[in-house]
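Chemist: Here are the chains, one letter per residue:
Protein chains: 4
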Amino acid sequence: MRDVAHLAHVQLLTPVPDDSAAYFTRMLGMVPVHAEGGSVFLRGVWDYEQYCLQLTEAPQPGIGRVALRARREAALHRRAAALAEAGLGKGWTGGFGHGPAYAFTDPDGHPFEIYYETTRYQPPPDLAAPMKNQPQRHRGVGAGVRRLEHVNLLARDVGRCRLALERSLGLQTNEIVMHDDAEEAGAWMSSTIQGHEVIYTRDALRASGRLHHVAFWLDSRDEVLRVADLYQDQGVTIEAGPSRHTAVQSFYLYCYEPGGNRIEVTTGGYLVFDPDAPPVVWSADEWAGRAGWGHPLPVTFHTYGTPSADAQATDAATTREDSG
Amino acid sequence: MRDVAHLAHVQLLTPVPDDSAAYFTRMLGMVPVHAEGGSVFLRGVWDYEQYCLQLTEAPQPGIGRVALRARREAALHRRAAALAEAGLGKGWTGGFGHGPAYAFTDPDGHPFEIYYETTRYQPPPDLAAPMKNQPQRHRGVGAGVRRLEHVNLLARDVGRCRLALERSLGLQTNEIVMHDDAEEAGAWMSSTIQGHEVIYTRDALRASGRLHHVAFWLDSRDEVLRVADLYQDQGVTIEAGPSRHTAVQSFYLYCYEPGGNRIEVTTGGYLVFDPDAPPVVWSADEWAGRAGWGHPLPVTFHTYGTPSADAQATDAATTREDSG
Amino acid sequence: MRDVAHLAHVQLLTPVPDDSAAYFTRMLGMVPVHAEGGSVFLRGVWDYEQYCLQLTEAPQPGIGRVALRARREAALHRRAAALAEAGLGKGWTGGFGHGPAYAFTDPDGHPFEIYYETTRYQPPPDLAAPMKNQPQRHRGVGAGVRRLEHVNLLARDVGRCRLALERSLGLQTNEIVMHDDAEEAGAWMSSTIQGHEVIYTRDALRASGRLHHVAFWLDSRDEVLRVADLYQDQGVTIEAGPSRHTAVQSFYLYCYEPGGNRIEVTTGGYLVFDPDAPPVVWSADEWAGRAGWGHPLPVTFHTYGTPSADAQATDAATTREDSG
Amino acid sequence: MRDVAHLAHVQLLTPVPDDSAAYFTRMLGMVPVHAEGGSVFLRGVWDYEQYCLQLTEAPQPGIGRVALRARREAALHRRAAALAEAGLGKGWTGGFGHGPAYAFTDPDGHPFEIYYETTRYQPPPDLAAPMKNQPQRHRGVGAGVRRLEHVNLLARDVGRCRLALERSLGLQTNEIVMHDDAEEAGAWMSSTIQGHEVIYTRDALRASGRLHHVAFWLDSRDEVLRVADLYQDQGVTIEAGPSRHTAVQSFYLYCYEPGGNRIEVTTGGYLVFDPDAPPVVWSADEWAGRAGWGHPLPVTFHTYGTPSADAQATDAATTREDSG
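Protein chains in written order, with the working numbering: chain A, 1 to 324; chain B, 1 to 324; chain C, 1 to 324; chain D, 1 to 324.
Note that these hints are calculated values from the structure, not bench results. Owing to the predicted nature of the structure, the values given are computational and were not obtained by experimental measurement. Careful, some of the hints might be misleading.
Just so you know, same-sequence chains aren't split out, so a pair can sit in one copy or run between any two.
Below, simulated EDC-like cross-link-like pairs (lysine to aspartate or glutamate); rule was C-alpha separation at most 20 Å, straight line [stated by the list, open to error]:
#, residue 1, residue 2
1, 132, 157
2, 90, 73
3, 132, 233
4, 132, 19
5, 90, 108
6, 132, 229
Isolated chain A, as found in the complex:
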């Protein structure tokens, strides 16, 4: 049953909140709508809700929370019950711009939440759009990203995370990379006809709870290329792309925001209309060398995540000492 409506927002952690905010506002063109308690909330041009990104100061970068919206009140409670039963539930909480949220983690420890009640965005006069069917006007600043598209989490055990989100949330899996040892290297999941909203890929460092990247949507490949020109001239480090992915066939451009998190701007990719579409399962051999247009991804793409594994180790040691 489709109880999840869509990926709603993410909370990103950054040790340099001012620099990160400058990246998201000037390079991606997002608009800050609210600030509280060390966090700033930012929106894309098409967000019907108030924001899709909460940026929060923290000692190290990484993912603070992945938030999903349920299709209705009953769906929220049905999912909360399933998550509790699966031993993943953390209990009810709240947050800016939406109603009660049920917090949980995936088996790798990434923090999630799901809520139903929300507040729709009401633009101030200088951001009101001429058309009734637009939540906000275009401003001509930076990329002008439209919305949050997907989040990619690193996991020690991709298959276990994938199964948990299928069972407890009802997400659909569209593609899987299955290594010869039957260990999954990647899984692309969605609550809608979009090819991906939540992606898991195997953490090469066998750390837990790390973020691979967060992706924002643009409307054309030409716009993505334009962002690459902007990044290059503004000194934003391009890690990979612009190029075409194998999975979902989307178009990508990856960089690091100043806080260290990997950020993608993306467009394209297929929609899944078949309600019974079986996942496309790639063997390691099939997957190897299948990068779109033959472009290899750099080594860092397969190793780097936030927080870095070193940072996590240090942090864990510190925490142990603290609690000791």
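Position chains B, C and D relative to chain A; hints supplied.
Modeler: Chains B, C and D alone, transformed into the frame defined by chain A:
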């Protein structure tokens, strides 16, 4: 309840089947997969089913059938029962490439059907794609349309048709143009997060059962512009566009195929993530002058449909004589 | 002999200099490099010289000056002599950012100048580009126009102006619209392989010295479409386009800047490699209905110029009184 | 003095002429206009002359001839005299579609010719365009390349070739990569305001007379991306791109045509308006790591040329035996 998975295919009627087939294969780049009984079945590059267009010889152009796919077997029977109860049902039938279909009409008399069982496309070797997640390879012929995007039907009473499809099929309405007399001039409906799959607009000639246009998807506005160049050089009559619509904010290019049916190639437009999104309701005043970028649509856009009203009148007279 | 290197810059007059400057900096993304005596000088991303637009406060909008750069010192003097001999010369003058300029008018009275010595742009650190072959970095603000592309002047007698610029400047004419009365309705001229740098079209109001529009370059049709979205959302009046021109086959989008001058953003169009290319001469019949993609241009496109003919009449009357 | 009007056409050699012709017609969408003596002559959509590519059967791939058009008859004879004096001349010859041509080689032995008289293309009815200013209509087949853009030759001594073409032909050099040993690694030259028409890069294998690649023009980066999709699906080997070059800042996509020659489709890049523009000179350090968007080019890009050095060695040996 979301019982309809997606708009599946349309049957178009044409008095010049060879010329129409040449348009769809050479200009739009569609691939014929089957022929039987005066019909040829054509597909877009991304169709997971075998086809999205059945082209059938007939004395005059127009819509032969709009076919929807149900999400599952039970959903199909639930909808068949609802349609029968609403007095719209016509009974069970079949068709190339799919299982049992329940035939019905909307209140304006347009023929529809809904089915669940289908056969997925298996490309011949020369059309097999290098990637497992592609149903077919690109061929570099004409527009290379990806799939059927939506169908726009003309109706005497838009509101009545809209309500029938909401109630009997569970489609969601995203936008409505409401004239001062509370008569609806247009309604944009969908079974997915796409902005539109079925559109009704008021038939200015007060005819019944006519087609406004059928739209096929391209991946970028640049590709749509390229098709405009191709149309111009190949003598295909451009009626309107390339430009940007007000409703759904999609990008459009309209022409007439040789049989006389209006065909759109389109891209862009918003996705509706809010599960409770209320329809955007435009008053006549709000709608007037709101054409995207200020471009007026030509008069024909508001009057021409297939079959032409004259042809219908003639045909009806002929039919009465025949049956007399 | 190719003595003119290229169209260098234009001076635009505006009664609302602050509003006009806001348009050119925020909508077009131009960078101010200098201000003096009621003028601000603005540049595009690719300008090797310091600026391509001088914006000057004046009682009414219009063209202040069209400046060309000569290929070398001797070429400048050769052209000055030819202009003087043709009775068009006004004498030597100067200006910000370049050396001695020879001022002249075309037969319709539009002010021009030609110079050779120039100063190349040296960006401040925050605008320096990472590549040695770029004059300036991309900033991600508004359209980000690259350079001045062409200027279109209205004239009572197009043919006379065309012949004057052919003879005295050595410009090449690529296209002419020739009405049945052998009166020219338009002429597209260039000093390079570009399709147009200076365009003359007939002034429907039979006024003199008016400006039709000034055009700035973008790199893709997708970028032009993006500017249309920006204009619409920011309340900039779109007069025509985005669409494709017949002449030169370029892609256009026209608006009015706050001062009232018509501004185009453009891309595409052919390059003329044939050194002996005869002009394409269109009869009125051939030209009629040949608008790219069948899009008609609005009536204002054929009548509106700056200053308005009324303003000119008033101004002339005022001047006579003043001098009386 | 600008005696050369433009790069006119190239002759490519191929051991598999039918397969090569299929690539150029179906993938690039070029139109054959003539065949004689083992050669087929092909054109792009915008060629004002009859063709820009002569494809000729030969034992191994490579460049058969680079042809330039002079600006006028006197310019042709001036250049023939200069080439003869420089010891590069080979004498007068002819060829399909143009008048007398003066044959010469550059110091690395690549065959060139220059001519003035030409015949303009007259399309057959099925290729005639609706607009008078178009030489041919769009056909919607493959890439639909517009024209030949540039040729890149490998040379043992780049500087010597560059100087020869500057002195004997009057080409302008826009960029140079200068290694620490003062040996030039690359030079980008042009006869027009385009950034490049003839490129020399150092032959890593120290062979002579080899071709690096031939490049054809498309109108947008989106079109280049579309060709990458087509190549991938049709099994054409992508060597590099789509991405952005450092030199000239153009957009590239490289593949191998079936005969083994490297072919680029390209767009973008700057125009050089400054008549005195000094070449941009890159040191090895400046150049290193400056690939557009940080994309490294594959090793083959720096080593592979046609004919392969092995083939040349074998061929030379064979020739010696034959003549012995």
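Chemist: Hint by hint, note whether the structure agrees.
Modeler: Now the hints, each set against the structure:
1. 132 / 157: For residue 132 and residue 157, neither the intra-copy (45 Å) nor the inter-copy (24 Å) Cα distance is at most 20 Å.
2. 90 / 73: Within one copy only: 19 Å inside, 37 Å across.
3. 132 / 233: Between copies only: 12 Å across chains, 36 Å inside a chain, cut-off 20 Å.
4. 132 / 19: Classified as neither; 34 Å inside a copy, 27 Å across copies.
5. 90 / 108: within (14 Å within a copy, 53 Å between copies)
6. 132 / 229: Intra 33 Å, inter 15 Å, cutoff 20 Å: inter-copy only.
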